[in-house]
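Enquirer: Each chain, letter by letter, is given below.
There are 2 protein chains.
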Amino acid sequence: MRIAVDAMGGDNAPNVVVEGALLACRELGYDIVLVGDNTMIQQELFKKSAKAPHSISVCHATEVIGMDEPAALSVRRKRDASINVGARLLRDGKVDAFVSAGNTGAVVCAVALRLGLLKGVQRPGIGLIYPTLKDLCILIDVGANINPKPEHLLQYAIMGDVMQRYLFDKKTVRIGLLNVGEEEVKGTDFIKETHRLLNSSNIKFIGNVEGGDIYTGEYDVVVCDGFVGNVVLKVSESLAQTLSIFLKRKLKQGFLTQIGALLSMPAFNALKKEIDYSEHGGAPLLGVNGVCIICHGGSSAKAIKNAIREAAEFVRFEVNQHIIDALA
Amino acid sequence: MRIAVDAMGGDNAPNVVVEGALLACRELGYDIVLVGDNTMIQQELFKKSAKAPHSISVCHATEVIGMDEPAALSVRRKRDASINVGARLLRDGKVDAFVSAGNTGAVVCAVALRLGLLKGVQRPGIGLIYPTLKDLCILIDVGANINPKPEHLLQYAIMGDVMQRYLFDKKTVRIGLLNVGEEEVKGTDFIKETHRLLNSSNIKFIGNVEGGDIYTGEYDVVVCDGFVGNVVLKVSESLAQTLSIFLKRKLKQGFLTQIGALLSMPAFNALKKEIDYSEHGGAPLLGVNGVCIICHGGSSAKAIKNAIREAAEFVRFEVNQHIIDALA
Chain A
34 MRIAVDAMGG
44 DNAPNVVVEG
54 ALLACRELGY
64 DIVLVGDNTM
74 IQQELFKKSA
84 KAPHSISVCH
94 ATEVIGMDEP
104 AALSVRRKRD
114 ASINVGARLL
124 RDGKVDAFVS
134 AGNTGAVVCA
144 VALRLGLLKG
154 VQRPGIGLIY
164 PTLKDLCILI
174 DVGANINPKP
184 EHLLQYAIMG
194 DVMQRYLFDK
204 KTVRIGLLNV
214 GEEEVKGTDF
224 IKETHRLLNS
234 SNIKFIGNVE
244 GGDIYTGEYD
254 VVVCDGFVGN
264 VVLKVSESLA
274 QTLSIFLKRK
284 LKQGFLTQIG
294 ALLSMPAFNA
304 LKKEIDYSEH
314 GGAPLLGVNG
324 VCIICHGGSS
334 AKAIKNAIRE
344 AAEFVRFEVN
354 QHIIDALA
Chain B
34 MRIAVDAMGG
44 DNAPNVVVEG
54 ALLACRELGY
64 DIVLVGDNTM
74 IQQELFKKSA
84 KAPHSISVCH
94 ATEVIGMDEP
104 AALSVRRKRD
114 ASINVGARLL
124 RDGKVDAFVS
134 AGNTGAVVCA
144 VALRLGLLKG
154 VQRPGIGLIY
164 PTLKDLCILI
174 DVGANINPKP
184 EHLLQYAIMG
194 DVMQRYLFDK
204 KTVRIGLLNV
214 GEEEVKGTDF
224 IKETHRLLNS
234 SNIKFIGNVE
244 GGDIYTGEYD
254 VVVCDGFVGN
264 VVLKVSESLA
274 QTLSIFLKRK
284 LKQGFLTQIG
294 ALLSMPAFNA
304 LKKEIDYSEH
314 GGAPLLGVNG
324 VCIICHGGSS
334 AKAIKNAIRE
344 AAEFVRFEVN
354 QHIIDALA
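For the record, the sequence lines run as chains A and B. When we follow our numbering, the leftmost residue of the first sequence carries the number 34, and every step to the right adds one. When we follow our numbering, the leftmost residue of the second sequence carries the number 34, and every step to the right adds one.
Everything labelled a hint here was simulated from the structure, so no lab data went into it. Do not rely on the hints blindly, as some may be mistaken.
Identical copies go unnamed one by one, so any copy, or any two together, can satisfy a pair.
[As the list claims (entries may be wrong)] Cut-off 27 Å, straight-line C-alpha distance, at most; resulting in silico cross-link-like pairs (DSS-like, lysine-lysine):
#1 182 - 219
#2 111 - 219
#3 152 - 203
#4 204 - 237
#5 281 - 305
#6 237 - 305
#7 285 - 167
#8 152 - 182
#9 237 - 81
#10 237 - 225
#11 285 - 305
#12 80 - 203
#13 152 - 335
#14 167 - 305
#15 111 - 204
Just chain A, with the same shape it has in the complex (with noise of 0.2 Å):
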């Protein structure tokens, strides 16, 4: 298994990201190629470990896109970059998956570009593996498609169903479609489009699910367009922080709450790991022709040592084979 993983993307690049990829050459034993500039990553590698393991190389990218760079333009312009050196290199057959942590609109970009879609495919999406008060469940798409079609939406559905059953073991796949009621005669056209479609296919659809419903783990795939999908994205993980910070403002105003908060703290750690979804690895870009996992920009070694795993299951379980299977 030989995974590129984009040593320059991220809030935190390459200084997490190589950590990231020296805890999954030692303790998952894959080859890594570190993608980015050779001597930032050189040093980096010099700082973590007197002496790098084999199984990580390096292949130079003389540019970087920056997260807040327009990323069709980017893409296009800064051909030596290292998301556009990745995708290359996954193009190339020369590794068998591509992880990045840097301008998600360019990695979609790019990727797609370079490889294009799987047989069937109209769209990509990126499937947000989130937890639940049950089990994982997967919000697809999170922002790489924010015009869809209702076919799209129906071809996330079934990408998320096989990802369920291929990745997580799933055996009955529920689907649920985003929407403001879980009436069918509820929402926009196009959503009443869509409900039609999922109604019809073969995939266990079980209805409209309300943006109160996500969490409660009696859905295991979601579908929603990328525009709500990112904000919800966006709001949730927010929502989480804020919550934490107006929590902390609290305890810390009596004595009493002080000492309960200290004694508390295990809990808490406890929670902050079990919701943070870089735990579960990045986001799968769903549909391209290739194996790409997106992380957080602000993701942790950890995290990045996740997705790699990730990428891996991803290419080992064969899930682009079965996303082209489920569509034919």
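On the provided structure of chain A, position chain B as indicated by the hints.
Expert: Below, chain B alone, put in the same frame as chain A:
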């Protein structure tokens, strides 16, 4: 000040609604007209108070629109439903405002139908008032209009601006547009056109707001289409509950963390109160030719009381007249 309250609306009606109305009578001194089944309301009044205050009266309504009934259809068919009766009292000038925790769609429909819209307003919108890390923010629309045009969002921005100015005494009201990125070029055609409109208006438009920034307090009003707004509202509410369940599970796992939880309880309760948006009243139905406050279905008696106070302030500060002036 005379306010009609839908005694049959909400998950715990008429029980908590009657209790909330009694609180409003006693603490705020308003005249309240409870709308709904006379016998049931009198029973509740009798249970809670041997002698109901003179300032509480009942307006009998023979029908009830259930929380999950189709809105438009029920409003047309159940002409004597409490929601319809309340809307007619408001139209006929027999009350100054109408408060309901009932079926949101039905309230929007009945009030817009009976009272019409304010001069210059094209579509009503629901404004959710919620706490951020700094001040209160208003998210418009959270579900009245799931297929808006860009002009509708401009009008929501203007109505939100007026609300912040006259209800919360804000001198400078910073307006944001919910989008998938901060850059002007981001988003769907609908969003780009809305951005252009907001930019060329007289309000203080700050720009695009990502989902991750609606809780920071950098904006006083955030506008979005009713589909996205409704999803944000429900996701936020359920995520807060989900996190609390997760945390309870973790706290129960250790002896010391259980002690810690007991000591921290006052902080948890204070947090719960702070983020409970019903503490800040209900969500005004903006743009209709009358004052109507929509409460959460699960509202407590205190939430009903706060919504009644909010309705009275809406009337007293002549928010609707200011909206007409601002739109002219």
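Enquirer: It remains to establish, for every hint, whether it holds in the given structure.
Expert: Each hint tested on the structure:
1. 182 - 219: both (18 Å within a copy, 19 Å between copies)
2. 111 - 219: between (45 Å within a copy, 20 Å between copies)
3. 152 - 203: Close inside one copy (24 Å), not across copies (56 Å); limit 27 Å.
4. 204 - 237: within (11 Å within a copy, 53 Å between copies)
5. 281 - 305: both (14 Å within a copy, 13 Å between copies)
6. 237 - 305: This pair counts as neither: shortest intra-copy Cα distance 32 Å, inter-copy 37 Å.
7. 285 - 167: Intra 32 Å, inter 17 Å, cutoff 27 Å: inter-copy only.
8. 152 - 182: within (18 Å within a copy, 37 Å between copies)
9. 237 - 81: Neither: 48 Å inside a chain and 49 Å across chains, both beyond 27 Å.
10. 237 - 225: within (17 Å within a copy, 36 Å between copies)
11. 285 - 305: both (19 Å within a copy, 16 Å between copies)
12. 80 - 203: neither (42 Å within a copy, 52 Å between copies)
13. 152 - 335: Close neither inside one copy (33 Å) nor across copies (58 Å); limit 27 Å.
14. 167 - 305: both (16 Å within a copy, 24 Å between copies)
15. 111 - 204: neither (44 Å within a copy, 45 Å between copies)
Figure legend: structure checked against the earlier numbered hints; hints not met, in rising order: 6, 9, 12, 13 and 15.
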